[in-house]
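Protein sequence lines, in the order shown, are assigned to chains A and B. So that you can map any letter, position 67 of the first sequence is 69 in my numbering, and since no number is skipped, the others follow by simple counting. So that you can map any letter, position 83 of the second sequence is 892 in my numbering, and since no number is skipped, the others follow by simple counting.
Don't take each hint at face value.
[Unchecked claim] Each computed EDC-like pair below joins lysine to aspartate or glutamate, with the alpha-carbon atoms no more than 20 Å apart:
hint, chain 1, residue 1, chain 2, residue 2
1, B, K909, A, E77
2, B, K847, A, E103
3, B, K847, A, E56
4, B, K914, B, E851
5, B, K909, A, E55
6, B, K909, A, D64
7, B, K909, A, E103
8, B, K865, B, E824
9, B, K847, A, E77
Hints in this document: simulated from the structure, not taken from any laboratory. No experiment lies behind these values; they were computed from the predicted model shown.
Chain by chain, the residues:
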Amino acid sequence: DAGVTQSPTHLIKTRGQHVTLRCSPISGHKSVSWYQQVLGQGPQFIFQYYEKEERGRGNFPDRFSARQFPNYSSELNVNALLLGDSALYLCASSFAGSYNEQFFGPGTRLTVL
Amino acid sequence: DQQVKQNSPSLSVQEGRISILNCDYTNSMFDYFLWYKKYPAEGPTFLISISSIKDKNEDGRFTVFLNKSAKHLSLHIVPSQPGDSAVYFCAAYRGGSNYKLTFGKGTLLTVNP
Chain A
3 DAGVTQSPTH
13 LIKTRGQHVT
23 LRCSPISGHK
33 SVSWYQQVLG
43 QGPQFIFQYY
53 EKEERGRGNF
63 PDRFSARQFP
73 NYSSELNVNA
83 LLLGDSALYL
93 CASSFAGSYN
103 EQFFGPGTRL
113 TVL
Chain B
810 DQQVKQNSPS
820 LSVQEGRISI
830 LNCDYTNSMF
840 DYFLWYKKYP
850 AEGPTFLISI
860 SSIKDKNEDG
870 RFTVFLNKSA
880 KHLSLHIVPS
890 QPGDSAVYFC
900 AAYRGGSNYK
910 LTFGKGTLLT
920 VNP
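This is chain A alone, in the form it adopts within the complex (with noise of 0.2 Å):
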């Protein structure tokens, strides 16, 4: 069985863009969550959705967006990227949004330069 798929694997990007990141759950599970994870620090909650309903939202600024769509995969959108939002953007799935039942992708690898 796959696991939770998140792409592209690496990506940079220069200030003000903007990007697009994508996870794919494990089949079955109707709960997508994200997080970011700079160097040297836990993972940061941004985002859970559940049946394509945003069900919590972390202290991100609205630059950060997301959605799920009716097949259960995600996006996560970033908007006028800054230096600081280089980091780990990992994804995670689970099939109710359980946190002890989650399962998490390799992340995606984001550098602004």
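Starting from the known structure of chain A, fit chain B onto it as the hints suggest.
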């Protein structure tokens, strides 16, 4: 405001001995606590959790202890194995309608053969 704190960036133990990883929290509203393990180039993997109504949870070699009065939890690994070498994250969240998961900064555990 770091609500979940892991004050030891690293820990080194000998194979076969006990590893004790510590975590402190400041938010008394947290209902659930989890430990994740992360290998390089992989997403975190759920390890074990504990509800705030319990003081101990055990799963094989892994035991988590919760001291609510001290707002402290610890993960014990006995016996430690070289394959346990990884970064360990403590995380916590409130139940109900708040789905924000808060992570600590992590502790790098090295188990020496």
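Verification of the supplied hints:
no., hint, verdict
1, K909/B <-> E77/A, "holds, 19 Å"
2, K847/B <-> E103/A, "holds, 16 Å"
3, K847/B <-> E56/A, "violated, 27 Å"
4, K914/B <-> E851/B, "holds, 16 Å"
5, K909/B <-> E55/A, "holds, 15 Å"
6, K909/B <-> D64/A, "holds, 17 Å"
7, K909/B <-> E103/A, "holds, 15 Å"
8, K865/B <-> E824/B, "violated, 24 Å"
9, K847/B <-> E77/A, "violated, 23 Å"
Of the numbered hints listed earlier, those contradicted by the structure are 3, 8, 9.
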